[in-house]
Every structure is written in C-alpha cells, then in structure tokens.
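Undergrad: Based on the hints, put chain B in the right spot on chain A.
Here the protein sequences line up with chains A and B, keeping their order.
As numbered in numbering that gives the first Met the number 0, the first sequence has no gaps in its residue numbers, which increase by one up to the final residue, 328.
As numbered in numbering that gives the first Met the number 0, the second sequence has no gaps in its residue numbers, which increase by one up to the final residue, 324.
I should point out that these hints are in silico values taken from the structure, not numbers from a laboratory.
Don't be surprised by glycine CBs; every beta carbon is placed ideally from N, CA and C.
There may be inaccurate statements among the hints.
[Unchecked claim] Straight line, CA to CA, 25 angstroms or less: simulated DSS-like cross-link-like pairs of lysine-lysine:
| no. | chain 1 | residue 1 | chain 2 | residue 2 |
| --- | --- | --- | --- | --- |
| 1 | A | 213 | B | 222 |
| 2 | B | 314 | B | 153 |
| 3 | B | 153 | A | 309 |
[Stated by the list, open to error] Derived contacts from chain B toward chain A, CB cut-off under 10 angstroms, selection only:
| no. | residue |
| --- | --- |
| 4 | 122 |
| 5 | 127 |
| 6 | 176 |
| 7 | 204 |
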Amino acid sequence: MSDLLADDSEWADVVPIRQYENVNPIAPIFYSEEYKDATDYFRGVVKTGEMSPRVLKLTERVIRMNPAHYTAWQHRYKTVMALQVSLEDELELMDEIATMFLKTYQVWHHRRLILTALNSVDAAARELVFLKTVLENDSKNYHTWSYRQWILVHFNDEERLWAGERPYVEELLEEDVRNNSAWHHRFFVVFSSGVRAGDEDREQTLRRELSFAKEKIALAPNNLSAWNYLRGALEHTHTPFTTVTAFVEPYTASEPPATDVVDLDNPLPSAGAQLPCVAALEFLADIYEEEGGEKTAKAVEIWKLLANEKDTMRKKYWEHRIRDALQKA
Amino acid sequence: MGPALDIPLHVKYIQSLGENKDDLVYHLTAHLRMNAVYWGLTALLIMKHKDALDRDEMIDFVMSCWDDEAGGFGAHPDHDAHIHSTLSAIQILVMQNALDRVDVPRVVKFILSLQQDSGVFAGDQWGEIDTRFLYIAVNALSLLGHLHELDVEKTVGYIRRCRNFDGGFGAREGAESHASQVFVCVAALAILDRLEEVDQDMLGWWLAERQLPNGGLNGRPEKLEDVCYSFWVLSAMSILNKVPWINAEKLTAFILSAQDPEQGGIADRPGDQPDVFHTIFGVAGLSILGYPGLDDLDPVYCMPASVIESLGLRKGWTALPRRQV
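Just chain A, same shape as in the assembly (with noise of 0.2 angstroms):
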C-alpha cells in the first residue's frame, strides 16, 4: 500500500520535478523515497503557483519530513492566506510540529507571520500559554524566548500580556533558579521595555528587584545569572555597587557567620553553600574598586586570590585588573 502521490489519482494532473531537472550535479544524489516523492509534487506546485487545500497538506508533509526547508514554509504561508484558511486553526495544527521542532528557526517565523495576520490580543494571550508548554519541554529555547518577547512588544497589553510575566519568571525560577533565559526575561519585563503598572515607584521597584536577587542568590550563590542581574539592576538604575556591600560580604569568607540573627535585607548564604563564593569575590573587588583610594589594595588582593587560588581558569583576565587599576591609582 502506497503513501506515495506518486501513486495517489488526486495528484495525477501535477507533472512533479525531479531534483537537478537542467542541472549538472557535482554528484548524483539517493535519498528516501518518500521525501524523494514529496519534494518533487511540491517542485512541480511551486512551477504552476497552485495554492489549494491539497497543497497545504503537501507542505505540511514537506516540513514534517524537514522542518528547516523553508521554501515549503514560504510556500504554505502564501497558501495559508490566499485561501483564508482559519489562522486560529492553523496555529493550533503548528502547534504540534512547534513542540516537534522547536529547535527550528522556521517554525517560529511562521507562527510570528500567522500572528502578525491575526492581529488580535486575544491571539497574542493565547500563544503566551502555548509558549509555556513548549518551555516546560526545553526552558532555554532561545528563540522561543525571543518570540515570547517580540509578542509582548508588538501587541503590547499590559493586562492580558505584560501583567502574567513576572509571576511566570518566578515560577521558573523556582524550578531552575540557573536558567540565564528566565533572569533575562526578567530585566527585560521590568527594566528594558518600559514601565510595567504597579511599578511606576522607580525606587520600590528597584528595591523589590535588589531583595528578589539577593534572595535568589542567598539560595544557590554559585550562580552567574543572578549575580549579573543584581549588577544589571544596579547599573540600569545608576545605584552605587557600595550600597550592598553589606550583602556580598558575607559570601566572600570560607565559612558562614556563627549568627542567629536573621537581616532581611541581607540574606545570608544557605547552608551548604559552597564558599567562598567566585562571583562574590569579583563583586566585592568591583565594590572596593569603585570606592577607589586605599580600598583599592584590597581589590588587589582579592583579584590576586582569584587569578592564584580560585578561579585560575581567567588568571590573565585577573592580572589585567590588577594592572589596570594600579594603572590609574
């Protein structure tokens, strides 16, 4: 039983082009029958310019086959709007091949270009929930994230979009407190696309931001991303290294403190921590370099001790630093 058009009477009036039909290969080619047949059938479509229902299905099984041909893409979207065909639908049928092939650039574009068509916030807020399942599955897809953001951006709701976002980098991170991908989101919600409702106090924000990032950082300190992230918030918003000096020092000795007291604003390290913590340490030096004066000596022995003792891997970096800040001293 064949599943070839080939061998399918719906397709006996298409004249299907064989790969290379007036050219010269460096050398022939054999690949699978199936996709041999599929791809000739769209050839022969693309020639003529037919843009009908049977042509949706054969570009679906192009791209199934391949999702990276883009031509079958390119082919399927012009199709998909000469025939008006329900775009709600046609996400949904994608959404299975998203999840399939989410690694895939195309198959991102082509939901952008169906969303960009159907231009409604309704749209937008339901794409939202299908991106959540599709990070469930691989949480730093990086072009899923990237559309996530151009969603917010382009059809821009406070409400309906913008309004979920926080609480769903929090949720994230609960489950990953690492994912790079989440922490940016982040700082791109509340920092770099304007100003999110409710956070119109700049300071308050900013403090909420500071303490969620200490806390963040409290739980797993050997964490880069949260550690770029309060260094973000800090420099975004022109606030001095200095003011959490009282926070990162802690971190920078072998041992927790012998304390009970407990300082919200402070977070110490969890039990078990690994210390002294490398990204501290840099802080720490990045902090009394900023002071400058004579707490720029103990910057260099902290730089000493990671080019030395504990983080070697970017001894040379560490000297520059060294180097440089004599330099200016």
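TA: Frame of chain A; chain B shown alone:
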C-alpha cells in the same frame, strides 16, 4: 598531553563530504549546502590544503545556485535566494579568486532590499529578522566593495538596541545575550568602525566567563560547552583584543579532544559525531589560539587573513602568536 590536530585526516573528511550523497541526511541539509561548501573550503585554506577540492567544480556549483529572479544566491540549485547563502557564495568566490563571476550591482541591490525600517536585515522575502543577517549584509557589502551604499547610522542603531544589561547582544531587540549573536554584532561593528558601541571591558569579561572547567566554551551562562563557541567567543575576543583572557591551553586541549580519530572532522564535544560546521569552527578557534601549522584566520570575516588583507579590509584585531610546534 593529548592528541595533535590531525590535518591530513580532516582534509580527507572534508573531501569525503562531497561523496556521501547516498543518504537522506545529505538531502535534508540541502538548505545548508552553500554554507557547507564555504565552511569546508575555509577549513581547508586554514589547514593549508587549498587544492584538496576542485576549484572549477566548486565555482560551477556556486554559480548553479544563482537565482536570477531575485539577484542573489540560494543554498542549492533549486532554492530561492537567501542572504546567508549569498554571503557564503561571495566568500567562496573571493577565496577562489573568482569574484568576477558575480553580477555585483544586482547582488548589492538584493542585499540592500532586505534592510528593514528598524535597521535590521531580513534573510529573504519571507521576512525572518536576526542580527546574524545584519552582519551578513555588512560583511557581504564590504567584500563586494559596496559598503558605502549602506545606511550606517540606521544599521548601528539597531545593533545598539540589541545591547543587553550584561554587555552582550541578542538576535533581536529584547533577546537574551548569546555568544553567536555577540560575534555577529561585534564583527559588524568592527567592519563599520563603530566598536565604541561596545562596553569592551564588560563584554570581554562576559565572554571570558564562557569558559568552563573542562576548558570548553559555552554560549550563555549555565549552558553546555560546544566547540563552535571556540569561534563565536574567541573571534569576538580577538576583535576586542582580549584573547589572552581565555585559557588557551585548556581550550586547545578541549577542541583537540573533540576530533574524530577514525573518520576525521571535529564534533561539538568529545565523543559526538563530527560535522563540517564544528570542523571549521574548531580549526578557526585553534588558528586564533596560535596553534602551529595553521594559517592565520581573520576573525571578522572568518576567512584567511591573507585574503582579507589583500582586499584592504583588515581591522585592528589581534590573535595569539603562531607557535612553532
């Protein structure tokens, strides 16, 4: 002491890629064919084996991918023109000293037509946008000697908007910093002489932090190492004159351990299947690290330094000195 770079074996591997056409995988990668030829040729040149692939056959293949309707090159004889395959075609022809085969005005028109209002470039008429395509456009126009036709402010403006809080760059505005996007943005700025848009100290540090305890490099924090980052990260650092911030010994050992000692070629990490993409980027990384027996690579263009110099396009990057053995 680990394995050395087995140049003869990798040359054979690249030559064999033109022969294994009897399986589905070869056809499924048709959309990459032009890129693959460019990767293979560049690797051969850096390994000093230019003549390992037939020049005329290669030029004929490139020209068979010309899409006369669009005025650009597709990835494969029956594929529509795309900016990526167009650049690869130009790079191949430049390295083969056959750029005279190209209808330059038409290609320039095709490339410029893909710039969007925002300053970014699309890959083709389908409209996918990415800073990769912006770099590709800048690179191609400069190789064709038509960079002066580009709206530089508009282009640089888009890159600037892709700069993130960590000093890195993403694929689009708002997207996460990623080493390969960092490379394309930094290299594009280098060609346009606008490196002042980069916070070089901060980005240099972010790039240095990509090195993992096993010596390999990753593309973002908390992700796995991959040989291809030996190029994306290292070339960006070379452009920023900060290659010494990477532990060369450990990275070299990592790349060499990802070679396939039987069939040749380099994989994404030790033990995996090799492919031509990781082969060129592994070799490119080694060249920048000063590995003996290789030719110099220009990190901005990912082409032989001598070729770029002869075109008068060399920028102020630095690599580690070539070791004598």
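Undergrad: Next step is simple, just say for each hint if it's right about the structure.
TA: Outcome of the hint check:
This hinted pair checks out: residue 213(A) and residue 222(B) have alpha carbons roughly 22 angstroms apart, not beyond 25 angstroms. Using a Cα cut-off of 25 angstroms, the hinted pair residue 314(B) and residue 153(B) holds, with the two alpha carbons roughly 22 angstroms apart. The straight-line distance between the Cα atoms of residue 153(B) and residue 309(A) is roughly 44 angstroms, outside the 25 angstroms bound, and the hint therefore fails. About 8 angstroms separates the beta-carbon of residue 122(B) from the nearest beta-carbon of chain A, less than 10 angstroms, and the hint is met.
This hint holds: residue 127(B) has a C-beta 4 angstroms from the nearest C-beta of chain A, less than the 10 angstroms allowed. Interface hint status for residue 176(B): upheld, as the beta-carbon distance to the closest one in chain A is roughly 7 angstroms, under 10 angstroms. With 10 angstroms as the threshold, the beta carbon of residue 204(B) comes within range of chain A, its nearest partner Cβ sitting at about 7 angstroms, so the hint holds.
Taken one by one, the earlier hints fail for this structure only at number 3.
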